[in-house]
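Colleague: Chain H: place on chain B using the hints.
Chains B and H, in that order, give the protein sequences. In terms of our numbering, the first sequence opens at residue 1 and continues consecutively. In terms of our numbering, the second sequence opens at residue 1001 and continues consecutively.
Keep in mind the hints are simulated off the structure, nothing from the lab. Just so it is clear, CB atoms sit at the ideal spot from N, CA and C, and this is done for glycine as well. It cannot be assumed that every hint is accurate.
[Unchecked claim] Label-pair ranges, simulated between beta-carbon atoms:
id, chain 1, residue 1, chain 2, residue 2, range
1, B, T20, H, E1114, 39 to 45 Å
2, B, F12, H, A1054, 46 to 52 Å
3, B, S73, H, N1041, 20 to 26 Å
4, H, E1064, B, T95, 22 to 28 Å
5, H, Q1002, B, G40, 37 to 43 Å
6, B, R13, H, T1055, 44 to 50 Å
7, B, Q17, H, P1018, 23 to 29 Å
8, H, E1071, B, K71, 39 to 45 Å
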Amino acid sequence: DGGITQSPKYLFRKEGQNVTLSCEQNLNHDAMYWYRQDPGQGLRLIYYSQIVNDFQKGDIAEGYSVSREKKESFPLTVTSAQKNPTAFYLCASSTITGFGYEQYFGPGTRLTVT
Amino acid sequence: AQSVTQLDSHVSVSEGTPVLLRCNYSSSYSPSLFWYVQHPNKGLQLLLKYTSAATLVKGINGFEAEFKKSETSFHLTKPSAHMSDAAEYFCVVSALTGGGNKLTFGTGTQLKVEL
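Okay, chain B solo, but in the shape it has when bound (with noise of 0.2 Å):
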């Protein structure tokens, strides 16, 4: 099957501690996403990457980190910075960045930071 997977379902984590997101995809997608999603507040991008080795802010950036060190791979890792970790993050990916093309989301990951 292909698809989009994302590990684990639900993740905790004290306050300070860096955690790293999974987020792996095999329909051969060049571009991959990263949004976080907050009640009543649609989705918000926090990092994309177009092809491997490259890799773009979205508007929420701050506190998160990301790698693309392969094509199916984009983890993501929330550090200590991020005033306000707690939430579902949410990792996509789509063909091409061009225009028209939908993006294909995995089941998601709820982070909690106590």
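Modeller: Here is chain H on its own, set in the frame of chain B:
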């Protein structure tokens, strides 16, 4: 700049009655428009998309949407609601900018379907 406004944060319908979820957009470029659905604690699934072809777009599960440029609207409809339609729906606008393809999400409409 582009933006999306979903006019209702919550919509409640009875099973078997029509569904209307409203979306208005703003874009400096000719946009593509999408509707996604999200069930609780799940990822987003594409319902349908408009990419400057036919203005009436049919999607999965009996949903359709009509692109109206003069009204800058892209409302989502379904003739008869089913209990399984209860979910959150997002209207999304996409425009090709200098920074590449950028999606802007609405804040979502929670659809409740009652017996």
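Colleague: Determine for every hint whether it applies to the structure shown.
Modeller: Quick rundown of the hints versus the structure:
1. In this structure the supplied range 39 to 45 Å holds for T20 (chain B) paired with E1114 (chain H), their Cβ-Cβ distance being about 42 Å.
2. The beta-carbon spacing between F12 (chain B) and A1054 (chain H), approximately 47 Å, falls within the hinted interval of 46 to 52 Å.
3. Between S73 (chain B) and N1041 (chain H) the C-beta distance comes to about 23 Å, which sits within the given range of 20 to 26 Å.
4. Hint check: E1064 (chain H) to T95 (chain B), Cβ distance near 24 Å, so the stated range 22 to 28 Å holds.
5. At roughly 20 Å, the beta-carbon separation of Q1002 (chain H) and G40 (chain B) lies outside the given 37 to 43 Å, and the hint is violated.
6. Against the hinted window of 44 to 50 Å, the Cβ-Cβ separation of R13 (chain B) and T1055 (chain H) comes to about 47 Å, which satisfies the hint.
7. Taken as a hint, the range 23 to 29 Å is violated for the pair Q17 (chain B) and P1018 (chain H), whose Cβ atoms sit roughly 49 Å apart.
8. For the pair E1071 (chain H) and K71 (chain B), the beta carbons lie near 41 Å from each other, so the given range of 39 to 45 Å is met.
The structure does not agree with the numbered hints 5, 7 stated previously, though it agrees with the rest.
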